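From just these sequences and the hints, can you work out the full model?
Protein sequence lines correspond, in order, to chains A and B. Going by this note's numbering, the first residue of the first sequence is number 1, and it counts up by one from there. Going by this note's numbering, the first residue of the second sequence is number 1, and it counts up by one from there.
FYI, nobody ran anything at the bench for these hints, they're computed from the structure. Bear in mind the structure is a predicted one, so any value in this text is a computation, not a measurement. A portion of the hints provided could be inaccurate.
Derived lysine to aspartate or glutamate pairs resembling EDC-like cross-links, with alpha carbons at most 20 Å apart [to be verified]:
#: 1; chain 1: A; residue 1: Lys194; chain 2: B; residue 2: Glu187
#: 2; chain 1: A; residue 1: Lys124; chain 2: B; residue 2: Glu144
#: 3; chain 1: A; residue 1: Lys211; chain 2: A; residue 2: Glu22
#: 4; chain 1: A; residue 1: Lys130; chain 2: B; residue 2: Glu144
#: 5; chain 1: A; residue 1: Lys53; chain 2: B; residue 2: Asp80
#: 6; chain 1: A; residue 1: Lys194; chain 2: B; residue 2: Glu249
#: 7; chain 1: A; residue 1: Lys130; chain 2: B; residue 2: Glu147
#: 8; chain 1: B; residue 1: Lys179; chain 2: A; residue 2: Glu205
#: 9; chain 1: A; residue 1: Lys194; chain 2: B; residue 2: Asp121
#: 10; chain 1: A; residue 1: Lys194; chain 2: B; residue 2: Glu192
#: 11; chain 1: A; residue 1: Lys95; chain 2: A; residue 2: Glu174
#: 12; chain 1: A; residue 1: Lys194; chain 2: B; residue 2: Glu125
#: 13; chain 1: A; residue 1: Lys194; chain 2: B; residue 2: Asp223
#: 14; chain 1: B; residue 1: Lys179; chain 2: A; residue 2: Glu198
#: 15; chain 1: A; residue 1: Lys2; chain 2: B; residue 2: Asp121
#: 16; chain 1: A; residue 1: Lys2; chain 2: B; residue 2: Glu249
#: 17; chain 1: A; residue 1: Lys130; chain 2: B; residue 2: Glu143
#: 18; chain 1: A; residue 1: Lys124; chain 2: B; residue 2: Glu147
#: 19; chain 1: A; residue 1: Lys118; chain 2: B; residue 2: Asp80
#: 20; chain 1: A; residue 1: Lys194; chain 2: B; residue 2: Glu154
#: 21; chain 1: A; residue 1: Lys124; chain 2: B; residue 2: Glu29
#: 22; chain 1: A; residue 1: Lys138; chain 2: B; residue 2: Asp80
#: 23; chain 1: A; residue 1: Lys194; chain 2: B; residue 2: Glu188
Stretch-level coverage of chain B by chain A, calculated; a stretch enters the list once three of its residues show a Cβ under 8 Å from a Cβ in chain A [claimed, not checked]:
#: 24; stretch: 156-169
#: 25; stretch: 251-261
For glycine and all other residues, C-beta sits at the position ideal for the given N, C-alpha and C.
What follows is each chain in one-letter form.
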Amino acid sequence: MKPLRIALTKGRLEKKTVELFEEIGLDCSILKDKGRRLILPVGNGEMEAVLAKAADVITYIERGVCDMGVVGKDTIMENGSRFYEILDLKFGKCKFALAAPRDMDFYAGYHSKKIASKYPGVAKRFFESKAMDVEIIKIEGSVELAPLLGLADGIVDIVETGSTLRENGLAVIEDITDISARLIVNSASLKLRKPEIEALAGKLEAAIVNKEKEIKK
Amino acid sequence: MRGYNEVLTPGVEYYDVFGIPGVSIPQQEMYKTTDNNGRLIVFRPDSTLPIARMASARLQNFQKPVRLFYRQNVYRNTPDHTGVSNEAAQMGIEILGAQGLRADLEAIMLAADTLTKTIGDFRLEIGNAVFFQNLVGKLQISEERREQLRTTIESKNYAALSGLLENIQDQKIVEAIRKLPRLFGGEEIFKEAERYCPDGDTADMLLYMKTLYRHLSETALKDRIIVDLGLVQRNDYYTGIIFSAYTQEYGAAVLNGGRYDTLLGKFGDSMPAIGFSVDTDALTAIVRRRGGGESRIRKKTIVHIMPGYEIKAHRVMDEMVGKGRYCEASVFDAVDKTRRYASVVGIHRLMVVGESVTEMELGDDET
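Shown next as structure tokens:
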């Protein structure tokens, strides 16, 4: 049997995933010390990992070149979901929020608001659900700058602690949704390799529950 | 050979055919233009809807069942740079005007046969649209909420599903829906599902699925079938069994099908129906990657024609082709050039037609 191939989002989510894998007893030594290899064996050859940027993880899973992936809910929301999202891994937690200058009443006035965001899809759906007519401007980075420069009335962005917002005179107006890392699975893979994938997901879920209990203590 | 007639549907259709509430194809996925009266038309985005329209309008007075097959391209506007083609080759069948076990079995067996003869290994999953519909039908929830439930079950998103169900009172149904994404596997699934039956109608459906499963287990399909009662497909028009096929080498279903008894009624007179469509592009790609396809045609022959024997050569070739051989006429005057051409395109047999007809093998070293 081919190893199950999992795509991990590079960076913080990758580190957290490795921690979780080790907790369920998977050998991640090569994954931690990868050198120049691009496809990295995990455990005793039952799995292999590749590292990719978040949006590429989704592409790999949708196209079926990887069986599973670990990716943030933010990326899933923005890039659609033609795959199975089977487990909330409970790390990489943050939220999508609508923020605007603290001293401004965002909803006041009749003019249609301008919204800057790295996530135009998420922003669009949010305002659609409120039946609000807005103009969305796609920004690639430092979204907080847009209202300060007068480009936008508000922003839709990922908020973790809110300190960047505060420092720039912005405040959260409304939470949109909670975000965390998710385990996603290609639809054909789940059908064809159900026992292996379910066993893995089961172990991960148990480890996550344990961890949460420990935190509560 | 099994009583199916080929159907060709128009390449351009009225937009309205695909915009019927409940069965529509997403607006943004269709290529649209207008006809000379300013009416909106689309490039055929799907084959089943046009066939349903045609059947309800024109086949009402025919003896049922009517069995149809198609092989034609469909056009969908997909996002750029995703490696997904906007023009997709599809083949499929529809059995119109027949209901029940025999028609369902025929469609599934035919689907399986199609895949056995092309790619060999595959998994066929079978579900039933009724299970979800009946469960959700018992809940007092909005259309929007219902759609949310459907998509979370479709994506097997257990976490989001729990969240959606939190405020719903009816505990028995909630428990059943919560279980739905996990209700897939072998025969044992039926037993589990029985515990969550909301009514007699659903119980009958489960019994029917079990019978169907038992029948299929008697065939070579035994190890290829998975039951998935959480199968809730994007196409809302399914009303009974639904099925999809998967293979290791392709990241999506290579075949989708199901029963759609109410669809024809939306175009006029109603008629029960079942059908499936195959992703021909995917199958071709898989077969080719395995080194099958064209190279499976064993012996190719190049036919060199001596001056003045052109008609005779074509007569000889007609005879060969009639016997199922692959042969190709050379357009070159000099036999050397014919040999060179043959070596470049990979033909290893030469026939020379002149006063007499001679045939010989060409070595690889003859360049």
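Outcome of the hint check:
1. Between Lys194/A and Glu187/B the alpha-carbon distance is near 15 Å, which keeps this suggested pair within the 20 Å criterion.
2. The straight-line distance between the Cα atoms of Lys124/A and Glu144/B is roughly 17 Å, inside the 20 Å bound, and the hint therefore holds.
3. Only pairs whose Cα atoms come within 20 Å are accepted, and Lys211/A paired with Glu22/A is accepted, the gap being roughly 13 Å.
4. Our distance criterion of 20 Å between C-alpha atoms is met by Lys130/A and Glu144/B, whose separation comes to about 14 Å.
5. For the hint linking Lys53/A to Asp80/B, the alpha-carbon distance of about 19 Å falls within 20 Å, and the restraint holds.
6. About 16 Å separates the Cα atoms of Lys194/A and Glu249/B, which keeps this hinted pair within 20 Å; it holds.
7. Proposed proximity of Lys130/A and Glu147/B is supported: the alpha carbons are some 18 Å apart, at most 20 Å.
8. The suggested pairing of Lys179/B with Glu205/A holds, with an alpha-carbon distance near 17 Å, which does not exceed 20 Å.
9. Distance check on the hinted pair: Lys194/A and Asp121/B sit about 16 Å apart at the alpha-carbon level, within 20 Å; holds.
10. Distance hint between Lys194/A and Glu192/B is fulfilled; the C-alpha atoms sit about 18 Å from each other, no more than 20 Å.
11. This hinted pair checks out: Lys95/A and Glu174/A have alpha carbons roughly 11 Å apart, not beyond 20 Å.
12. A C-alpha spacing of about 12 Å is found between Lys194/A and Glu125/B, which places the hinted pair at or below 20 Å, so the restraint holds.
13. Taking the CA atoms of Lys194/A and Asp223/B, the gap is about 14 Å. The hint holds against a cut of 20 Å.
14. Restraint check for Lys179/B and Glu198/A: satisfied, since their Cα atoms lie roughly 15 Å apart, inside the 20 Å limit.
15. Taking the CA atoms of Lys2/A and Asp121/B, the gap is near 15 Å; set against the 20 Å cutoff, the hint holds.
16. Taken as a hint, the Lys2/A and Glu249/B pair is honoured in the structure, with Cα atoms around 12 Å apart against an allowance of 20 Å.
17. Note on Lys130/A and Glu143/B: the hinted pairing holds, with a Cα-Cα distance of about 17 Å set against a maximum of 20 Å.
18. For the proposed pair Lys124/A and Glu147/B, the alpha carbon gap of about 19 Å is at most 20 Å, so the pair holds.
19. Taking the CA atoms of Lys118/A and Asp80/B, the gap is near 19 Å; set against the 20 Å cutoff, the hint holds.
20. The straight-line distance between the Cα atoms of Lys194/A and Glu154/B is roughly 16 Å, inside the 20 Å bound, and the hint therefore holds.
21. Proximity of Lys124/A to Glu29/B is assessed by CA-CA distance (about 18 Å); at most 20 Å being required, the pair is judged to hold.
22. Pair hint Lys138/A plus Asp80/B holds up; C-alpha atoms about 18 Å apart against a cutoff of 20 Å.
23. A threshold of 20 Å between alpha carbons decides the hint, and for Lys194/A with Glu188/B the separation of about 15 Å falls inside it, so the pair holds.
24. A count of 5 residues in the stretch 156-169 of chain B with a Cβ less than 8 Å from any Cβ of chain A is obtained; the coverage claim is therefore met, three being the minimum.
25. Given a C-beta distance limit of less than 8 Å, the hint that chain A covers the stretch 251-261 of chain B holds, as 3 residues qualify and 3 suffice.
Comparing the model with each earlier hint shows no violations; every hint is respected.
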